[in-house]
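S.K.: Protein chains in written order, with the working numbering: chain A, 1 to 115; chain B, 1 to 110.
Bear in mind the hints are in silico, worked out from the structure with no lab data behind them.
Just to be clear, a hint being listed does not mean it is correct.
Claimed, not checked - The list that follows gives simulated cross-link-like pairs (lysine-lysine, DSS-like), each with its CA atoms no further than 30 Å apart:
{"hint": "1", "chain 1": "A", "residue 1": "Lys71", "chain 2": "B", "residue 2": "Lys36"}
{"hint": "2", "chain 1": "A", "residue 1": "Lys57", "chain 2": "A", "residue 2": "Lys9"}
{"hint": "3", "chain 1": "B", "residue 1": "Lys36", "chain 2": "A", "residue 2": "Lys57"}
{"hint": "4", "chain 1": "A", "residue 1": "Lys57", "chain 2": "B", "residue 2": "Lys70"}
As the list claims (entries may be wrong) - If you want a taste of the chain B side facing chain A, the calculated C-beta under 10 Å gives, among others:
{"hint": "5", "residue": "Tyr22"}
{"hint": "6", "residue": "Asn31"}
{"hint": "7", "residue": "Gln33"}
{"hint": "8", "residue": "Gln37"}
{"hint": "9", "residue": "Val44"}
{"hint": "10", "residue": "Phe45"}
{"hint": "11", "residue": "Gln48"}
{"hint": "12", "residue": "Val50"}
{"hint": "13", "residue": "Phe88"}
{"hint": "14", "residue": "Asn96"}
{"hint": "15", "residue": "Lys97"}
{"hint": "16", "residue": "Gly101"}
{"hint": "17", "residue": "Arg105"}
As the list claims (entries may be wrong) - Only some residues are given here: those of chain B computed to face chain A with a beta carbon under 10 Å:
{"hint": "18", "residue": "Gln6"}
{"hint": "19", "residue": "Pro43"}
{"hint": "20", "residue": "Thr99"}
Cβ atoms here follow ideal geometry from the backbone N, Cα and C, with glycine treated the same way.
Spelled out from the first residue to the last, the chains are:
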Amino acid sequence: DGGITQSPKYLFRKEGQNVTLSCEQNLNHDAMYWYRQDPGQGLRLIYYSQIVNDFQKGDIAEGYSVSREKKESFPLTVTSAQKNPTAFYLCASSPNTNSGNQPQHFGDGTRLSIL
Amino acid sequence: GQQVMQIPQYQHVQEGEDFTTYCNSSTTLSNIQWYKQRPGGHPVFLIQLVKSGEVKKQKRLTFQFGEAKKNSSLHITATQTTDVGTYFCAGPWAGNKLTFGGGTRVLVKP
Numbered sequence: 001d002g003g004i005t006q007s008p009k010y011l012f013r014k015e016g017q018n019v020t021l022s023c024e025q026n027l028n029h030d031a032m033y034w035y036r037q038d039p040g041q042g043l044r045l046i047y048y049s050q051i052v053n054d055f056q057k058g059d060i061a062e063g064y065s066v067s068r069e070k071k072e073s074f075p076l077t078v079t080s081a082q083k084n085p086t087a088f089y090l091c092a093s094s095p096n097t098n099s100g101n102q103p104q105h106f107g108d109g110t111r112l113s114i115l
Numbered sequence: 001g002q003q004v005m006q007i008p009q010y011q012h013v014q015e016g017e018d019f020t021t022y023c024n025s026s027t028t029l030s031n032i033q034w035y036k037q038r039p040g041g042h043p044v045f046l047i048q049l050v051k052s053g054e055v056k057k058q059k060r061l062t063f064q065f066g067e068a069k070k071n072s073s074l075h076i077t078a079t080q081t082t083d084v085g086t087y088f089c090a091g092p093w094a095g096n097k098l099t100f101g102g103g104t105r106v107l108v109k110p
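With the rest of the complex left out, here is chain B (with noise of 0.2 Å):
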């Protein structure tokens, strides 16, 4: 079955720094969603990347979809308290699912 890894697991960044995390699937996707949950919450849909090379833009987050359309990248600028949380890629599955990385846990120290 379909598969999509996120990397890294768990990303230490001081406040004001950069990261960048990765999702990469097994199989080419129509499209790639990130979701964010925050310590204690659900997951919340942040945005959704359908064209080949596609970057958008939310304020400090940056999303770029792959060229092959396999991977995807989410970058952060000058980290920020509020940015803690466990961010997810999904990629759909058999037309009607989605497939759920298993996470980039994001802690920023102070």
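Pulled out of the complex, with its shape left as it was, chain A reads as follows (with noise of 0.2 Å):
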């Protein structure tokens, strides 16, 4: 079955500390996207990546790293410089890079929480 997984599935943070969110896809898509989501707010664009070794920041990225340094794979940092970190956060991909124009294929979701 195609899709996207990420994992874990929950992360606690502590203080200082930086954590990194696993994103995979076996969709042999190009573009793949990092969102933030608030209880009860839309989805914030963190950091998108139309090409292996290319990524651009999106409306939020402060405070957030990623890397893409293979297709299937999008890992994202949340450093400790992100002061509020606590939110779910969600993994997309999409065909290739005109990407506005096409459905984006969505993971489960990570919930990060701070101890």
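Join the two chains into one complex using the hints; note that each chain is given alone, in its own frame.
M.R.: Below, the structure written as structure tokens:
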């Protein structure tokens, strides 16, 4: 079955700690995205990548970092600089770089909380 | 930047009744997409509208794209408990991104 796998499902971060959220896709999609969703809110774009070894900041990139070393993988690191990291993080992908005109496929998400 | 707004933010509807939720963009859109997110779940793509005035139906759901391609609506007839969730519209931004509206949260009273 093709899809997007996010892990872990739940994650707890201690003060001053960096944590990394995993996102893997086997859809052979070029474009991948990370969104943050706060309770009762919409989706806000953190980072996106259209091709391997390239990525762009979204609307709320401060305190986050990403890498795209492989087409299938787009991990997100929530750094200690992100002072309010508690949220639901969603990874998505779309077939190619004209992705504003294509549906996005989402993973099941990771819920991050501060200890 | 582009803004996509949805109203209402919350929709409480009696089971069996109809309702409509609206999506408005600050700019003209080449297309609009609708997604549904069940409670505790992730957004799932429902439909994409491309043409001015386009109307598409999926069973009890009717989607419409405005003539000026700046607004869209989702109408649900005979609401069922399976319709519970948040419905998001999204429009393209800068060619390779989507801007999501804030969503309409639908609660169904049995």
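S.K.: Indicate, hint by hint, whether the structure satisfies it.
M.R.: So, going through the hints one by one against the coordinates:
1. Straight-line distance between C-alpha atoms of lysine 71 of chain A and lysine 36 of chain B comes to about 27 Å, which keeps the hinted pair within the 30 Å bound.
2. For a cut-off of 30 Å, the pair hint linking lysine 57 of chain A to lysine 9 of chain A stands: about 24 Å separates their Cα positions.
3. At most 30 Å may separate the alpha-carbon atoms for a hinted pair to count; lysine 36 of chain B and lysine 57 of chain A meet this at roughly 26 Å.
4. The straight-line distance between the Cα atoms of lysine 57 of chain A and lysine 70 of chain B is roughly 26 Å, inside the 30 Å bound, and the hint therefore holds.
5. This hint is violated: tyrosine 22 of chain B has a C-beta 15 Å from the nearest C-beta of chain A, more than the 10 Å allowed.
6. Residue-level restraint check for asparagine 31 of chain B holds (minimum Cβ-Cβ distance to chain A is 6 Å; threshold 10 Å).
7. Restraint check, glutamine 33 of chain B versus chain A: the minimum CB separation of about 6 Å is within 10 Å; hint holds.
8. The restraint placing glutamine 37 of chain B at the interface with chain A holds, with a minimum CB-CB distance near 9 Å, inside the 10 Å limit.
9. Because the closest C-beta pair between valine 44 of chain B and chain A is about 7 Å apart, less than 10 Å, the hint holds.
10. Here the hint on phenylalanine 45 of chain B is kept, as its CB sits about 4 Å from the closest CB of chain A, short of 10 Å.
11. Because the smallest distance between the Cβ of glutamine 48 of chain B and any Cβ of chain A comes to about 6 Å, under 10 Å, the interface hint for this residue holds.
12. The beta carbon of valine 50 of chain B is positioned within 10 Å of a beta carbon in chain A (closest approach about 8 Å), and the interface hint is therefore held.
13. For phenylalanine 88 of chain B, the interface hint holds, since its Cβ comes within 10 Å of a Cβ in chain A; the closest pair sits about 6 Å apart.
14. Because the beta carbon of asparagine 96 of chain B sits about 5 Å from the nearest beta carbon in chain A, less than 10 Å, this interface hint is met.
15. Hint on lysine 97 of chain B holds. Least Cβ distance to chain A is approximately 6 Å, under the 10 Å limit.
16. Interface hint at glycine 101 of chain B: satisfied, since its Cβ lies 6 Å from the closest Cβ of chain A, which is below the 10 Å cut-off.
17. Interface hint status for arginine 105 of chain B: upheld, as the beta-carbon distance to the closest one in chain A is roughly 7 Å, under 10 Å.
18. Of the supplied interface hints, the one on glutamine 6 of chain B holds, with its beta-carbon coming within about 8 Å of a beta-carbon of chain A, less than 10 Å.
19. Look at proline 43 of chain B: its Cβ gets to within about 5 Å of chain A, closer than 10 Å, so that hint holds up.
20. For threonine 99 of chain B, the suggested interface contact is upheld, since its CB lies about 8 Å from the closest CB of chain A, less than 10 Å.
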